[in-house]
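Starting from the structure of chain A, add chain B where the hints point.
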Amino acid sequence: GESVGLHLPTLSVQEGDNSIINCAYSNSASDYFIWYKQESGKGPQFIIDIRSNMDKRQGQRVTVLLNKTVKHLSLQIAATQPGDSAVYFCAENFPKNNNDMRFGAGTRLTVKP
Amino acid sequence: EAQVTQNPRYLITVTGKKLTVTCSQNMNHEYMSWYRQDPGLGLRQIYYSMNVEVTDKGDVPEGYKVSRKEKRNFPLILESPSPNQTSLYFCASSLGTGINQPQHFGDGTRLSIL
Chain A
1 GESVGLHLPT
11 LSVQEGDNSI
21 INCAYSNSAS
31 DYFIWYKQES
41 GKGPQFIIDI
51 RSNMDKRQGQ
61 RVTVLLNKTV
71 KHLSLQIAAT
81 QPGDSAVYFC
91 AENFPKNNND
101 MRFGAGTRLT
111 VKP
Chain B
1 EAQVTQNPRY
11 LITVTGKKLT
21 VTCSQNMNHE
31 YMSWYRQDPG
41 LGLRQIYYSM
51 NVEVTDKGDV
61 PEGYKVSRKE
71 KRNFPLILES
81 PSPNQTSLYF
91 CASSLGTGIN
101 QPQHFGDGTR
111 LSIL
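Going down the list, the protein sequences come from chains A and B.
Residue numbering for the first sequence follows my numbering, beginning at 1 and increasing consecutively.
Residue numbering for the second sequence follows my numbering, beginning at 1 and increasing consecutively.
Worth double-checking, as some hints may not be accurate.
[As the list claims (entries may be wrong)] With a Cα cut of at most 25 Å, we get these calculated BS3-like pairs of lysine-lysine:
# : chain 1 : residue 1 : chain 2 : residue 2
1 : B       : 57        : A       : 96
2 : A       : 71        : B       : 57
3 : A       : 56        : B       : 57
[Said to hold, decoys possible] Beyond 12 Å from chain B on every Cβ pair, some chain A residues (computed):
# : residue
4 : 18
5 : 56
6 : 74
7 : 82
Derived from the structure by calculation, the hints contain no laboratory data.
If you're wondering where the values come from, they're calculated on a predicted model, not measured in any experiment.
Backbone N, C-alpha and C fix where the C-beta goes; we use that ideal spot for every residue, glycine too.
In isolation and in its complexed conformation, chain A is listed as follows (with noise of 0.2 Å):
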């Protein structure tokens, strides 16, 4: 079946390099990605969204890049800081699925003082 996934299971920057986690979709019918970040020992917190008719979007210090060509997603975070070690995951939503929204497995990311 289709689904979300990640190129990189694991991540680790320096503080203050900055980051991008990647994520690959497969279904070219998705309108909606949305990005989550789950520290330890809490639910995942939204971060950025982006609509299929965009291809960027950026908020603080993080910016989503949508590649339809190669379904491809990915999320950049400027001056990476410590708080931002978490496991970062991908959804996308299927409209034509009743808006089902699938979620990628997830990318730890893991900040170095």
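Below, chain B alone, put in the same frame as chain A:
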């Protein structure tokens, strides 16, 4: 503060002993959902509810029940828990579904079934 509250946060129990995990949201959201999270897998939907008295199966509903008698509450019931239901469970809610309707999650309930 807008939140989704789950109880209990942790539970260790034995096979066959009925248990209920409560979920409550204070955002007047119509959509609520239960997920389980297992290592290496993404969140998998157990059941969801589009509104009061409207519930439907997700991807992994076997062994679970839910009810939606009030808008704010969406309890998850394990009538006869088994060890394969040991997992981390999340309740989520949103105003609706689809574009611009991100789900808000509780902090999770870790269940261990011995």
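Quick rundown of the hints versus the structure:
Between residue 57(B) and residue 96(A), the direct Cα distance comes to roughly 17 Å. Compliance with the 25 Å bound is thereby established for this hinted pair. For the given pair, residue 71(A) sits about 28 Å from residue 57(B) by alpha-carbon distance, which is inconsistent with the 25 Å threshold. For the given pair, residue 56(A) sits about 34 Å from residue 57(B) by alpha-carbon distance, which is inconsistent with the 25 Å threshold. Residue 18(A), annotated as away from the interface, keeps every beta carbon of chain B farther than 12 Å; the closest lies near 24 Å.
Interface exclusion of residue 56(A) from chain B stands, the closest Cβ pair being 17 Å apart, more than 12 Å. For residue 74(A), the shortest C-beta to C-beta distance to chain B comes to about 17 Å, beyond the 12 Å cut-off, and the non-interface label holds. The claim that residue 82(A) lies off the interface holds: its Cβ sits roughly 21 Å from the closest Cβ of chain B, which is beyond the 12 Å cut-off.
When held up to the earlier numbered hints, the structure conflicts with 2, 3 and fits the remainder.
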